[in-house]
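Construct the complete structure from the given sequences, taking the supplied hints into account.
For the sequence shown, counting from 1, position 122 maps to 122 in UniProt numbering; every step adds exactly one.
Honestly, I wouldn't trust all of these hints.
[To be verified] Per label pair, the in silico range of CB-to-CB distance: (1) E56 / L78: 42 to 48 Å; (2) R58 / T81: 32 to 38 Å; (3) A27 / L63: 50 to 56 Å; (4) A45 / G76: 33 to 39 Å; (5) E30 / E56: 34 to 40 Å.
No lab work stands behind these hints: they were computed from the structure.
None of the values given here were measured: they were computed from a predicted structure.
Glycine included, each C-beta is placed from N, C-alpha and C at the ideal position.
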Amino acid sequence: MRRNNYPYQPLTQTSTDSSRVAVSQDALEEENERSAEELKQKIGALKSLTIDIGHEVRYQDKLLRGIDDDMDRTHGFLSNTMGRVVRLEEKIPGANPGEDLAKKFQKSKEINTKLLMNSLRKEKAVDLAQRNITEVKVPLASAIDVNALNTYTQNQKFSKILFNN
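In structure tokens form, the structure reads like this:
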């Protein structure tokens, strides 16, 4: 049957076909709604995760800035200390710039020991030197090297410093 010169016949829809189509459309709409809801939940989770990552990045950045500030302060302390060491090195008589720090420190301890012994002599502490050297160790332990005192005692240079200078 041809209508209005239309070459094809229209599809005839029965009530069972239309109800089947309506049910399948409803099912598709429900599936789309479920998928849309799942996408909303996933997007919400991603959004909260992104916000948490942003908070963590800001927190870590704050910690790193604090570490950087601490390192700058430490660098300042160390550079000041090294400057003092260099100035102290320049004041040590007979110090060669090529010597390593351990030798310079040892030489400085020996000089401090000699200066201490000279001050003991000047204070007329001859009787202190004749007593046991351990009595001297405790009050002077922070200012001089006890091993240097023992070395001087063993070599009898202690008595030379006290009596001959």
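Hints and how they fare:
1. E56 / L78: 42 to 48 Å: At 32 Å between Cβs, range violated.
2. R58 / T81: 32 to 38 Å: About 35 Å separates the Cβ atoms of R58 and T81, which means 32 to 38 Å holds.
3. A27 / L63: 50 to 56 Å: 53 Å, holds
4. A45 / G76: 33 to 39 Å: 47 Å, violated
5. E30 / E56: 34 to 40 Å: For E56 against E30, whose Cβ atoms are near 39 Å apart, the range 34 to 40 Å holds.
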